[in-house]
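Trainee: Sequence:
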Amino acid sequence: MNSFKKIEEAEKTLNEKLLKIIIGFAFLADSKDDISNFLRNHAIQMYNHLLEQYKKMKEYYISFKTRHKEYTKK
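Every position in the sequence shown, counted from 1, becomes a number in my numbering once 112 is added.
Calculated directly from the structure, the hints in this document are not laboratory data. These figures come from a predicted structure and were not determined experimentally. Relax, there's no trap hidden among the hints.
DMTMM-like mimics (lysine to aspartate or glutamate), calculated; alpha carbons at most 20 Å apart, straight line:
id, residue 1, residue 2
1, LYS170, GLU120
2, LYS177, GLU120
3, LYS124, GLU171
4, LYS118, GLU171
5, LYS167, GLU120
6, LYS170, GLU121
7, LYS181, GLU171
8, LYS129, GLU164
9, LYS118, GLU128
10, LYS124, GLU164
11, LYS168, GLU121
Restraint ranges, calculated between C-beta atoms of paired labels, are given here:
id, residue 1, residue 2, range
12, ALA122, GLN157, 15 to 25 Å
13, TYR183, ILE147, 49 to 59 Å
14, GLU120, PHE150, 31 to 41 Å
15, GLU120, THR184, 16 to 26 Å
16, TYR172, ILE135, 20 to 30 Å
17, LEU151, ASN127, 16 to 26 Å
18, ASN153, GLU182, 37 to 47 Å
19, GLU182, ALA122, 14 to 24 Å
20, ASN149, ILE174, 31 to 41 Å
21, ARG152, LYS181, 38 to 48 Å
22, TYR173, ILE147, 35 to 45 Å
23, HIS154, LYS181, 36 to 46 Å
24, ASP145, GLN165, 28 to 38 Å
25, ASN160, TYR183, 26 to 36 Å
Glycine included, C-beta positions come from ideal geometry on N, C-alpha and C.
Make the full structure from the sequences, and use the hints.
Mentor: Printed below as a string of structure tokens:
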């Protein structure tokens with residue numbers, strides 16, 4: 113059960129990071145200067161990277177949960 117709790121905590125942290133990046137997009141959306149463009153592009157890259165990590169983590173979690181159920185049946 114401890115592993116499930118760690119995975120859920122990691123998911124919560126990742127969701128919070130994604131939310132902060134999305135809020136950052138809103139502040140940078142109207143800016144036209146070079147620094148804002150750079151920050152916006154960097155934020156988009158970070159968002160995509162975190163989203164990929166999130167997808168992998170979800171796949172791992174589902175796989176782990178399935179294996180755990182099969183193991184406990186035996």
